[in-house]
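K.L.:
Just need the whole structure built from these sequences, with the hints factored in.
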Amino acid sequence: MDFLRPATWDEALAAKAGRPDAVPLSGGTDIMVEINFDHRRPDALLDLNRIADLREHTREGDGSGAPYIRVGAAVPYSTIVEHLHGPLPALALASHTVASPQIRNRGGVGGNLGTASPAGDAHPALLAADAVVEAESAERGVRLVPIDDFYTGVKRNCLAPDELIRAVRVPVADGPQQFSKVGTRNAMVIAVCAFSVALHPRSGRVRTGIGSAAPTPVRARAAEDFLAGVLAEERAWQRRGALPPSAVREFADLVSGAASPIDDVRGTGDYRRHALRVMARRTLAWVWDEYRDGHGDGYEDGEGAGACA
Amino acid sequence: MTATRCPEPTPTHAAASSAGIGASTLRPDGILKVTGEFAYSSDLWHEDMLWGHTLRSPHAHAEIRGIDVTEAVRMPGVHAVLTHDDLPAATHYGLEFADQPVLAKDRVRFHGEPVAFVAADHPETARRAAAKIKVAYAPLPPVTDEASATGPDAVLIHPGRHDHRSDAVPHPNIVHHQPVIRGDDGAWAAAKARADVVVAADYEVGMQDQAFLGPESGLAVPAEDGGIDLYIATQWLHVDRQQLAPVLGLPEEKVRLTLSGVGGAFGAREDMSMQAPACLLAMHTGRPVKMVYNRYESFFGHVHRHPAKLHYEHGATKDGEILYVEYRIVLDGGAYASSSASVVGNAASLGAGPYDIPHVRGEALALYTNNPPCGAMRGFGAVQACFAYEAQLDKLAAKLGMDRVELRRRNAVGEGSLMPTGQEIDQPAPVAELLRRVKALPLPPERDGGWGRAAAGEDVDVRSLPGGLSNTSHGEGIRRGVGYAVGIKNVGYSEGFDDYSTAKVRLEAVAGEPVVLVHTAMAEVGQGGVTVHAQIARTELGVDRVTIHPADTQVGSAGSTSACRQTYMTGGAVKHTCELVREELLRRGRERLAHRHPAWLAGVELVLESGKVCTHDGEPIADLVEVLGEEPIEIEAEFHHRPTEPFHPRTGQGAGHVQYSFCAHRAVVEVDTDLGLVKVVELAAAQDVGKALNPLSVVGQIHGGSTQGLGLALMEEIQVSADGALIRNPSFTDYLIPTILDTPPMPVDILELADGNAPYGLRGVGEAPTLSSTPAVMSAIRDATGLALDRVPLRPEHIAGHVSG
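Which chain is which? The protein sequence lines are A and B, in order. UniProt numbering numbers the first residue of the first sequence as 1 and each following residue consecutively. UniProt numbering numbers the first residue of the second sequence as 1 and each following residue consecutively.
Derived from the structure by calculation, the hints contain no laboratory data. As the structure is a computational prediction, the values presented were derived from the model and not from experiment. Glycine residues also receive a C-beta, built at the ideal position from the N, C-alpha and C atoms. You may find that some hints are simply not true.
If the Cβ cut is set under 8 angstroms, some of the chain A residues that face chain B in the computed set are [stated by the list, open to error]: (1) 64; (2) 78; (3) 79; (4) 81; (5) 96; (6) 97; (7) 189; (8) 190; (9) 262; (10) 266; (11) 279.
P.N.:
Structural data, given as structure tokens:
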């Protein structure tokens, strides 16, 4: 096995172009397990640990009115929990559920995206937040991939063989966000299923993400559209009133219906559908209560939503 | 040649001479373990060593039509490939029945059964060579349960079986069957007729794994005398040797075992794992061979707790007097016997629980199937029964409209009670008192105003809620419940087995100071023998400086570190041998120093304290070193517990157990009734330990046992596919054990009511808490949800969607 250790990002891109079979290695929390168990024998490993930029996070896009956090692919989950819970609440909550403190110090979002397991904890939050993946190749430069287009199949993504994930751009939250995950242990547990919801009052949209309940991470689009419609119709963004219980129920049913879970060693498909319904109901209540209580005042105001309506 | 890194003698210098029995002296290996410095058996290393690997069956049941090792042998770096035909001597081994092939010959009987051994100069080479061995399997339908094991067309797992149980069993696919009958038929019918209230139900216990953290590992070194030295993590060095020597074709004295650093055991190291392959490969190649299982292989490399299906029926008067109990316990022993027969004996004899019930019709049996082999695990047959009978007691109390604890106390055994086997409990049995104590403890406070306020938006620490960091609830759906359970466990080996122990104690003067060396073959697997033995020696010989010799087979057998027996048995052996050393010392004193002080010949008791010989009222009459003189005293002696009897094959009658041990738990849980997630808020225990030789270790045992029981209640299960008998979750990703966030505060109340038969009156500690913890947690969840919950481990889907508002 060849072990490639580029010192800079450009060297990494060149190495990947020359050896498209090289498997990128950063925290190693996934790939090293696979190699140790001999489940995978890559001909080459591309170690990205020398590239310090990948562990940086910066706030960008303020001038454009759509600020985002550019989270380097190797920013560890523990950093996201500690430093980015303000602008990226759902991703920070999700990061806090990843494995153990040791793993959170090593693993990052780039690895979750590269592996593209439906059980990756970051995916539902990235979907709900409307993230954009920064993929790059030596030949074609940077390609911005909306998260909706990123996952293409079970443990597959849209990266070309010569591309590496450099960062993920996650919009600064303009409204409350939540993340919730079911596991049969109270810590350090792989998801039976997971759900994230983000209110986007500026655009009047609602976005969601579902993990571990379909071949890929998915959004519950019908639930999003339904809820956005109810909020617009009721002028709820402006009135900040209580949500009709029937709407909450319908939203939860639509979330559950968006999943296509299987029975496996971690749980049954029926339980996953049920749990998604419960998580959708609860997380929607949490984000909406936060919005109503004005805890969302730190975010952009919801006036744009009126314009959308 | 670089020497093997082998265990060093453990000095246990006490900070004070008061560190005898009853003191909470600290473990000599504690800091090393916490800081990662402790050398486990997986850290063994020898210059020039090879690495062994096992090729295992991917099928639970198949014929082997042929094995082609050609490609594996040809791989560079490969030094040996062994199949069944290469075995030099005995081909089968086993703890109680020699029914397990060292390597499968023409048939594999469980998923993961060894088919070939490989030695290579790198572990990865060995693994890849094993993958190149071509085994032609013809899969057979697996036997998976009682119906397929004992039905009319059942395939025999061991055709032509011949062992000490085979004549007595109702079917060749039953390893052992043990009925227990108390009361004659007429009285039985009358008791059933008298019952005002009857509760009957079926229960199920999933397959728990011991999940020790240090996987199977060891190092075999061929010796110049044609023998072998094996450095190994095990529970019983001498029984390993007894099984190994015939397989290697060596006399026992040429098979020398030394205990290496053990990373937990819990029963999983009672059967052999890599002992035979490492030794066979070492003898075949003439090179040292190391083997280390990884976590995946470990799940296939040791026996598990028997999964069980149980049926119970209790009848009681309306006043809550239990008149009769009927039970049938079916344990799945898997493909090989291991210790199934003894597990059956425990399940049958302890199946009625710590209750004085005049009429009993019980039976337990273990099946041969193609499921993973099951054997010893902490609690050993008593765990499965305790879950079921305690669930029954809850249901009976509910039906009677009685308090759950009151019903238990009213029917509890006490000193002088008869067990269903007819054995009298001739020792303290404070079952009612233990229950009273856990019930009397203050309950952990509920949150001010309950969880409603948290749900209404107040800040909440999700770590204190079901789901924990997964952030599933801020108080929604949460209900609190409180549950109780109590259990009974035997201590030591039973049914007529003489599981003696041996200790060699040497007292000598070094640089003018008295020093004691304690040498036993006791496997220190974490239970704290290394601490307790030194405490005993200090107490008996009045010497501060005590060193524990590494455990090996150069001294007599210590028996197994199992069945809560080591403090009793090897502690007893150390005590007994120290007493013999003291007698010899005092004999020398009388001989040499009688003229100095009248007390020597006065016939009064002399004691050893702080390096001096003292009269009973504390007057020093001589220095120990002076009495000892130049010549050390070294004595090796055995200690035997009182004899027990086998259970009668048809009635189960017999004084089968050495000692009984009792623990009671109160569990407080919070349940997310919508999602089926559970947070154990507190798990309080009260246990009678006879005498706490090391109170800190005792509390540690109770905490550990309670946590392992909590794991069985809520998460720990090896899932085996129903059709293929294949293990589905051989990893810590999907075999879940409790994390610290799942482990609640565990107040422990220790009683010390001496058992007159035992050394210092002590009672074995480690297993009883594992019994009652599981049903206490389940009882609390029943209290919170109103559901019957007749299966462990609980899964979220057993609660979610089933709880009425």
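K.L.:
Each hint needs a verdict: does it hold in this structure or not?
P.N.:
Consistency of the hints with the structure:
no.	hint	verdict
1	64	violated, 32 angstroms
2	78	violated, 13 angstroms
3	79	violated, 17 angstroms
4	81	violated, 10 angstroms
5	96	holds, 6 angstroms
6	97	holds, 5 angstroms
7	189	holds, 7 angstroms
8	190	holds, 6 angstroms
9	262	violated, 13 angstroms
10	266	holds, 6 angstroms
11	279	holds, 7 angstroms
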